[in-house]
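Quick mapping for you: the protein sequence lines, in order, are chains Y and F. According to the working numbering, numbering within the first sequence proceeds without interruption in unit steps and concludes at 522. According to the working numbering, numbering within the second sequence proceeds without interruption in unit steps and concludes at 127.
Some hints here could point you the wrong way.
Said to hold, decoys possible - Dumping the calculated DSBU-like pairs for lysine-lysine here, alpha-carbon to alpha-carbon at most 30 Å:
no.: 1; chain 1: Y; residue 1: Lys194; chain 2: F; residue 2: Lys5
no.: 2; chain 1: Y; residue 1: Lys503; chain 2: F; residue 2: Lys20
no.: 3; chain 1: F; residue 1: Lys55; chain 2: Y; residue 2: Lys504
no.: 4; chain 1: Y; residue 1: Lys426; chain 2: Y; residue 2: Lys289
no.: 5; chain 1: Y; residue 1: Lys194; chain 2: F; residue 2: Lys66
no.: 6; chain 1: F; residue 1: Lys66; chain 2: Y; residue 2: Lys279
no.: 7; chain 1: Y; residue 1: Lys177; chain 2: Y; residue 2: Lys479
no.: 8; chain 1: F; residue 1: Lys66; chain 2: Y; residue 2: Lys518
no.: 9; chain 1: Y; residue 1: Lys279; chain 2: Y; residue 2: Lys439
no.: 10; chain 1: F; residue 1: Lys104; chain 2: Y; residue 2: Lys503
To be verified - DEER-style ranges, computed between Cβ atoms:
no.: 11; chain 1: Y; residue 1: Val337; chain 2: F; residue 2: Asp96; range: 45 to 51 Å
no.: 12; chain 1: Y; residue 1: Lys479; chain 2: F; residue 2: Ala120; range: 40 to 46 Å
no.: 13; chain 1: Y; residue 1: Pro496; chain 2: F; residue 2: Ile125; range: 42 to 48 Å
no.: 14; chain 1: F; residue 1: Gly23; chain 2: Y; residue 2: Lys504; range: 30 to 36 Å
no.: 15; chain 1: Y; residue 1: His361; chain 2: F; residue 2: Asp51; range: 37 to 43 Å
no.: 16; chain 1: Y; residue 1: Lys504; chain 2: F; residue 2: Glu99; range: 50 to 56 Å
no.: 17; chain 1: Y; residue 1: Glu334; chain 2: F; residue 2: Glu99; range: 52 to 58 Å
no.: 18; chain 1: Y; residue 1: Gly398; chain 2: F; residue 2: Glu85; range: 35 to 41 Å
no.: 19; chain 1: F; residue 1: Ala120; chain 2: Y; residue 2: Arg502; range: 31 to 37 Å
no.: 20; chain 1: F; residue 1: Lys124; chain 2: Y; residue 2: Lys503; range: 29 to 35 Å
no.: 21; chain 1: F; residue 1: Ile125; chain 2: Y; residue 2: Pro180; range: 19 to 25 Å
no.: 22; chain 1: F; residue 1: Lys124; chain 2: Y; residue 2: Lys504; range: 32 to 38 Å
no.: 23; chain 1: Y; residue 1: Glu338; chain 2: F; residue 2: Ala120; range: 50 to 56 Å
Keep in mind the hints are simulated off the structure, nothing from the lab. Note that CB positions come from ideal geometry on N, CA and C, so glycine has one too.
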Amino acid sequence: MEELKLTCLHDKHVALGAKMSPFGGFDMPIEYSSIKEEHHAVREACGVFDVSHMGEIFVSGPDAERFVNHIFTNDITDAPYGKIYYGIMCYPNGGSVDDLLVYAMGEKRYLLVVNASNIEKDYAWIVEQSKDYDVVIDNLSDRYGQVAVQGPKSEEVVERLLGLAVGDLAFYTFKEIEVEGETIIASRTGYTGEDGFELYGSHGYINKVWDALIASGEVAPCGLGCRDTLRFEVALPLYGHELNDDITPIEAGLGIFVKLDKEEFIGKNALAEQKALGLKKKVVGIELIDRAIPRAGYPIEVEGEEIGTVTTGYHCLSVDKSVCMALIDARYSALETPVEVRIRKKTFAGKVVKKKFYQKNYKK
Amino acid sequence: MSKVIEGIKYADSHEWVKVEGNVGIIGISDYAQHSLGDIVYVDLPSEGDEISKGEEFGAVESVKAASDLYSPVSGTIIEINSELEASPELINQDAYENWIIKVELADPSEVDALLDAAAYEKICE
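The following block holds chain F by itself, in its conformation from the complex (with noise of 0.2 Å):
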């Protein structure tokens, strides 16, 4: 069974984002980890890119695939995590601890209408 935390919003692309203030820190669920399997590679946005609710902001690659990553927030991207460059599979190995971006929120009410982490595990059955 995948790992799914309380206290966070999941889009129905198996993004997550946390809030904490006026930023969303976003990354993609245990069940999406563990569906690409070894992830190999991750294709990071810059500091300082908008982007909107819905976009597409990034991929994560498996040996054999590369996936779309689509943001859950509008927003600016302020941080990155440049571990993930020398060391991707450290998504595989945490998918929660190990965020991707974190966005300035240009509309905290967006993240109301994602899902809890009872409705994204309905999703995963």
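Chain Y extracted, bound-state conformation (with noise of 0.2 Å):
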């Protein structure tokens, strides 16, 4: 078996004594004290989540953004320093590649924020992509630590705690700062639905970061499992569930971030000609009438018949409903059609509903 990554920030982990797991090929922390507490301490105060696992991909050169627009969805042209896109990156057929977070860091250089588990997958592509343009791709993931610094009280705690002067960054922007020697990236950002930071730095800076939170008493150590229940809720997407090479943005609901009137994109004819005949299958709210948990894998049926899994499924921790989110065949997909989700050897009756189970919280 090939052996685990650890993040910067692995022996922490361990001290605390958190559940550990492999994910994306790093030894992780799934949970310190309980999922459920440490759900809560992020919607109510304030949790600190180690994402140092992530991929920071630089592209830099006079091709940067022509190359940068020709592979993600979204448009960046003209982009601003200090602006954050969120988008895709999509194969020719419009199947997902990864989702991820563009940042503009001006002067012919973007910051592209990739998940764990495509690091390796997602370099390939984007080298592979960028042949015929004047670029430099760096991957820079094993030099970066990265936390997320998520809930109501994380503005306030990141300037007292950290001496950071984040409260003027408005939603997806970012400011460089330079603290204890280097330069670190603040963005306002996360995976959560609520205010929060994401803080890039090198492994020594997080090292530091992660201690004066924890130290501090008021910022709850925050695990994987946690990290999901929180983006679940949200309806936030994970790739390898609501996202694959075989689900388009459009399919997952993300069309907002698909930007068709853009000149090219690797996927564009795929999905423009998805949009306008009508998609086959798309990713529903469903909600269970019983307490029975939807899980990822399980079928959806109608009338006996399978029409599509669950990707992702919770007894939902902040709005006590078992829901989940599942790719159905399109034609079942009006709110309030009821379904059936098999639970083991038994069906249990549900609706399809929308997918934010629960309100976002960002400051806008």
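Assemble the dimeric complex from its two separately framed chains, guided by the hints.
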């Protein structure tokens, strides 16, 4: 078995007694106290996540803007320094390579933040597509540590405990800050549906940040367990579940991040055609009447026939209901359509609902 | 260290059974509830169901995953712990107090083949 990679904060998680598990090739903390406690800490106060496993790929050079627009569904034309874009990289058939953030670093330079499980694949894809462009691609994933500080108290916590002036950052923007002899990146982004920040820096700096936050007693260490329950409640997709090489961003309901009026990008024609002809399959929300819990992989049925599969499901922690996101035959995707979920040997009744089970609380 | 109590028997799939006369009272061990984390749902069978030793009879669900329950004995289910429907977290609070099902034993000698406390403790190491 291939050896697991360790983030720069690995020892901290073990010292805190976290339950560890492999994810994306890394040995990661799933929970420290309990998923429920950590989830509620983020919704009500402040939590910190080690997200150092994520990938950081820089694209720079004279053709950088044109190239990023070529591989990315969103439009970064004339992106001002400090702005961040969410979008997807697609294959020519519209299927998804990965979802990612693009940070406009200025001076014809862009930082692409990609999923840990896709770093090697994404880097190879980006390099392959760059052959006819005057750009340099740098995979600096190993160099960066990263933490996400999330929750309604996060702004106050980051300013006071870390001395970082992030209060004036608008949602989906970043600034570079000189601290401890290095330049770090602080962005008002996250994957929880709460206000929060993501900090990118050297391994040494990120360790100091983690220590300061944990030592204060005001910030809960949070693992991948609640990272998933939090993003799920606010309908954020997870690559490998709501997106994959067989699910297009339009099928996943992410059409607003696909700029079909851009001149060209890989997958544009396939996605434009899909939008025009109508979808065959779609990611929807489903709410069960019972407390039984729908999980990824469970079949969705209508009148005994399988019409789709659960992509992610939980007994929702913030809104006491059993709910899921599922990829289903688009003919059954109208809100309120009655469906059934097969859980082990029995089926349970439910209906199609909006995917957003909990209201986001972003600072806009 | 997980709690292991004497006087009851254990399966290597982490269920325990306490024999009272001809009835086997079944639950999951402290080790199991600790590994699972917060239990949010218990999928219970029905009273009157027949089960066989080693057969799956329901599930205990944590936030992240469902964990099948395997019966350590054969027999008829005479009682299910309906308190677990509203309060599945009772198992986290005390895994030995909060039993899951009671079975009228078809073959009481099946219990002899199960692990005693010391043997079960060993497999949890």
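Hints the structure fails to honour: Per hint list: 15 and 16 violated.
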